[in-house]
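Novice: Below, each chain spelled out in residue letters.
Number of protein chains: 2
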Amino acid sequence: MQAQRKLDPQWSKRRTEKHRRLASIAHLADGPVLRTADIVAALQALISSGDRVVLEGNNQKQADFLSRALVQIDPSKVNNLHLIMPSVSRPEHLDLFERGIARKLDFAFAGAQSLRISQLLQDGILEVGAIHTYVELYGRLYVDLCPNVVLVAGFKADRQGNLYTGSSTEDTPALVEAAAFRDGIVIAQVNEIVDDPADLPRVDIPGSWIDFVVQADKPFFLEPLFTRDPRLIKPVHVLMAMMAIRGVYERHQVQSLNHGIGFNTAAIELILPTYGEKLGLKGKICKNWTLNPHPTLIPAIESGWVESVHCFGGELGMENYVAARPDVFFTGKDGSMRSNRALCQLAGQYAVDLFIGSTLQMDGLGNSSTVTRGRLTGFGGAPNMGHDPGGRRHPTPAWLDLIETDDPLARGKKLVVQMVETFQGGGQPTIVETLDAVAVGKESGMPIAPIMIYGDDVTHVLTEEGIAYLYKARSLEERKAMIAAVAGVTPIGMHHDPASTAKLRKDGLIALPEDMGVNRNEATRSLLAAKSVADLVTWSDGLYEPPAKFRSW
Amino acid sequence: MQAQRKLDPQWSKRRTEKHRRLASIAHLADGPVLRTADIVAALQALISSGDRVVLEGNNQKQADFLSRALVQIDPSKVNNLHLIMPSVSRPEHLDLFERGIARKLDFAFAGAQSLRISQLLQDGILEVGAIHTYVELYGRLYVDLCPNVVLVAGFKADRQGNLYTGSSTEDTPALVEAAAFRDGIVIAQVNEIVDDPADLPRVDIPGSWIDFVVQADKPFFLEPLFTRDPRLIKPVHVLMAMMAIRGVYERHQVQSLNHGIGFNTAAIELILPTYGEKLGLKGKICKNWTLNPHPTLIPAIESGWVESVHCFGGELGMENYVAARPDVFFTGKDGSMRSNRALCQLAGQYAVDLFIGSTLQMDGLGNSSTVTRGRLTGFGGAPNMGHDPGGRRHPTPAWLDLIETDDPLARGKKLVVQMVETFQGGGQPTIVETLDAVAVGKESGMPIAPIMIYGDDVTHVLTEEGIAYLYKARSLEERKAMIAAVAGVTPIGMHHDPASTAKLRKDGLIALPEDMGVNRNEATRSLLAAKSVADLVTWSDGLYEPPAKFRSW
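Listed in order, the protein sequences are those of chains A and B.
Per UniProt numbering, residue 1 is the first one in the first sequence, and the count goes up by one each step.
Per UniProt numbering, residue 1 is the first one in the second sequence, and the count goes up by one each step.
Hints are computed from structural coordinates only; laboratory data are not their basis.
We put the beta carbon where it would ideally sit given N, CA and C, even for glycine.
Think about it this way: if two alpha-carbon atoms lie no more than 27 Å apart in a straight line, the pair counts; the simulated DSS-like pairs of lysine-lysine are:
1. A:472 to A:413
2. B:442 to A:413
3. B:472 to A:480
4. B:413 to A:413
5. A:413 to B:472
6. B:6 to A:287
7. A:234 to A:282
8. B:13 to A:284
9. B:282 to B:531
10. B:287 to A:13
11. B:282 to A:13
12. A:503 to A:480
13. A:6 to B:287
14. A:472 to B:480
15. B:413 to B:480
16. B:480 to A:413
17. A:284 to B:104
18. B:413 to A:104
19. B:506 to B:413
20. A:104 to B:287
21. A:287 to B:13
22. A:13 to A:77
23. A:472 to B:442
Chain B is nowhere near these chain A residues, computed Cβ spacing over 12 Å in every case:
24. 68
25. 495
26. 525
Pairwise CB distance ranges (calculated):
27. B:119 to A:397: 27 to 37 Å
28. A:30 to B:219: 34 to 44 Å
29. B:218 to A:397: 36 to 46 Å
30. B:423 to A:280: 49 to 59 Å
31. A:22 to B:235: 44 to 54 Å
32. B:10 to A:553: 22 to 32 Å
33. A:284 to B:104: 14 to 24 Å
34. A:217 to B:195: 33 to 43 Å
Construct the complete structure from the given sequences, taking the supplied hints into account.
Specialist: Below you can see the structure in the form of structure tokens.
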């Protein structure tokens with residue numbers, strides 16, 4: 001299977017180097033299988049100083065056995081690595097920098113490690129190449145960031161290296177291909193190695209793409225990042241969810257969409273079977289989703305609202321529920337889900353009507369960022385889905401509905417909705433004069449400010465006050481006034497002249513709840529189809545198995 | 001490998017229906033292997049009226065055995081199919097509509113069939129869903145256009161259905177995954193079925209994703225779409241290529257890029273080793289490419305200009321050359337290339353500095369289309385790569401160089417260059433008052449005009465007259481004047497006041513050859529590193545094997 005042509009050494013330096021490295025650990029390998037105990041020695045031989053190393057680091061799935069091993073290699077032998085990681089999530093990811101094993105970092109997201117990245121950057125211990133969106137980072141793996149070594153995680157492998165990823169396929173295929181097809185080295189940790197290929201439920205990545213598999217000391221870590229406990233949803237979230245349904249989804253006929261991770265959007269999911277049903281909207285809106293398998297979507301699925309959900313990643317506890325609903329979710333012949341972040345981000349960028357998300361700070365023009373002082377979170381997929389993709393050509397009712405001119409060359413627009421409470425918990429205003437990100441960018445010497453979503457891509461701002469239909473703004477001044485009109489008692493909102501609110505309402509540029517037929521008195525938790533995680537389990541007929549930290553029973 | 005959980009029939013209708021269809025042809029199948037002679041009967045049983053069917057139809061690779069078989073099914077039994085095709089290229093693709101087997105078409109490109117599609121549309125025999133970019137169409141396969149059946153082509157398969165695509169992997173993985181993981185049916189034609197899995201050079205798509213493989217009556221058709229004969233490159237192309245190098249690539253430090261298919265860009269490729277070398281630009285520009293393996297890139301590769309090329313598809317005759325240059329191209333352990341249109345389009349959208357292409361018509365604001373009267377060509381990948389991706393966050397020198405404000409929130413811009421001669425062969429002006437596409441869109445009842453690239457995404461217009469630096473335009477009026485200034489003796493150019501040219505030059509908004517140090521006298525064919533296909537073969541050391549129609553010896 002690996003017959004090599006006779007190659008001119010001048011044109012096959014990468015392959016020669018790869019074979020040199022593979023040969024150097026031949027004594028440690030049984031075909032593609034490495035022993036668990038040999039992993040540190042193997043990594044030390046397979047990786048060279050200055051290499052570009054992809055470490056998986058996804059939003060949920062973590063190749064944590066490999067990252068814990070990588071930290072143990074000798075920095076006097078292997079150092080100055082350039083790490084490429086979709087998501088920086090684990091302490092050892094940054095230990096690599098403190099130990100001098102790694103030097104440069106290109107990444108897309110850093111949830112739990114965002115404070116420490118910021119600190120290491122200030123201390124000169126870590127150098128950031130750039131903060132990316134996920135797909136942008138994958139794209140560079142095939143252009144100017146081709147990796148030497150790729151370290152990933154799967155569920156099972158056979159002794160030929162065939163890999164079964166389980167539900168959490170996530171970023172793995174896009175990361176592996178970049179090395180497998182440019183003479184890089186691919187190493188996969190798995191929870192189990194099976195002797196008989198027929199014992200693999202299915203193959204997600206062929207063995208001919210993978211150099212080594214190694215059984216991890218314990219199953220890979222998976223973070224339940226998309227589970228929102230309905231108990232924490234407040235009446236204000238319900239009010240905003242009602243406005244989203246009437247003032248955005250119903251009004252523009254939003255049929256395909258992506259939801260962010262917050263309680264706001266969880267509230268929308270949970271009132272579809274109650275409030276949405278009452279409005280007669282089932283089958284008319286919210287049919288096709290690009291979304292992680294949110295537990296809060298279970299009642300809408302069970303009530304027949306949802307035709308399809310394609311997933312970026314999996315969600316811990318949702319495996320059996322997803323497998324039991326193959327008409328809705330993407331599952332393989334073996335019955336388990338295959339998620340795929342690259343394809344789902346592509347779909348979320350190009351094929352859905354609407355992206356709705358939240359942010360920590362938004363300025364008066366609608367620019368937003370999750371980067372605040374001392375916190376370098378990165379953006380994940382938001383900038384990719386939260387912009388109007390200029391390459392889109394197919395029309396849908398929602399997309400066409402945002403055309404505001406009679407220019408014969410006019411095109412539709414993706415709906416990008418910022419759904420924010422005007423204040424964060426702790427009394428910090430969400431809507432601010434200037435984003436912290438501007439100063440952070442300057443102080444960190446970034447060539448551009450780390451903006452998550454640019455104001456000119458935002459079509460709607462939805463707060464507890466109302467909705468600003470920004471796509472209708474005819475000038476920057478008007479856009480500012482519209483945002484200020486729904487900015488409540490934030491400094492931006494306080495500068496707003498209340499007299500102009502009436503005119504903005506009359507012109508249809510903003511709408512208050514009553515303008516869209518939303519009754520504030522109805523906005524109570526009783527509209528939630530599930531009020532607790534236990535309710536979600538009941539809706540799922542016991543198929544959803546929430547992680548321990550979400551169980552109160 | 002295919003153990004099924006006990007599923008609630010209400011939630012597994014797709015799977016039940018799939019199993020019903022598979023069972024109906026159990027007598028025709030030997031595991032996943034179908035006999036060549038049974039294909040029409042099998043398709044007739046596996047496809048139902050009204051199904052969404054993906055037929056591969058790519059830019060180059062054609063599942064032509066399957067399309068020829070599909071045309072033979074009985075339209076009284078199977079009809080009203082909704083065809084989804086990246087590229088409509090073969091006569092039988094449209095025979096499907098004339099025979100009533102298919103009714104609706106969603107597609108991205110239609111080269112040779114563009115006239116006939118237009119005719120069938122007018123005659124009411126074919127209904128167009130939308131014209132897409134490639135990635136947009138893939139995205140919809142996971143959202144609102146999930147296919148029931150996917151018909152693809154590969155090079156070899158084994159008796160477990162494992163698929164080796166050869167160099168022309170192209171769209172196949174993105175198409176197959178959409179059906180394999182939503183209980184659709186996947187059928188692959190191959191040139192050869194091998195008994196021993198070890199006889200597959202590598203696996204591109206695992207057998208557990210594929211339902212049936214069938215040996216085609218003859219090898220799949222592959223169109224050499226990206227081969228440009230250097231003999232047809234004219235001095236004016238050389239002049240424009242010189243301007244591109246000095247006025248765009250050198251000026252903005254373009255390091256990563258995509259080239260279109262025309263003689264203009266072929267000329268750039270061919271003068272890198274001569275003109276580019278003389279300017280000392282090697283290693284400074286044009287290092288990382290997203291590109292089909294253009295034969296005209298061979299001299300630049302051989303001269304050491306090119307670090308990497310990731311390919312959308314393959315190119316007939318380039319197989320051995322590509323396999324012999326693994327440091328440059330993406331090849332597998334077996335030594336042959338794996339192209340991947342989805343990933344390459346992602347890279348071409350998000351990871352490269354520049355897209356440069358040509359068009360049939362451009363209006364005075366820079367809007368362009370290849371759709372002209374009577375010709376519905378579609379757009380392929382151009383709209384995807386020819387726009388500024390709003391989700392991009394990583395900086396490169398070229399991207400940053402296009403910032404024209406001191407706004408602290410400013411971001412860079414992708415370079416989108418339209419490189420056009422002011423007149424087409426036959427004396428038709430390229431730069432026109434109004435695009436034909438506007439009328440075509442109206443007459444065909446399209447909800448938006450079929451624009452390929454929108455003017456506000458175009459950063460540079462390059463004609464034989466000079467370069468308009470559109471990204472510097474401060475108003476629509478100024479943009480118009482800049483384009484008119486390089487529009488030559490087209491109607492748009494004739495209305496231009498020559499007096500204003502001097503001011504535009506002085507302000508650096510446009511540049512004539514002399515302004516960028518380009519000597520018109522040097523613009524001769526003698527700058528071409530290869531002047532014929534035979535020269536390309538020589539450069540390649542005999543590795544490039546041009547198709548017969550490009551051989552004159």
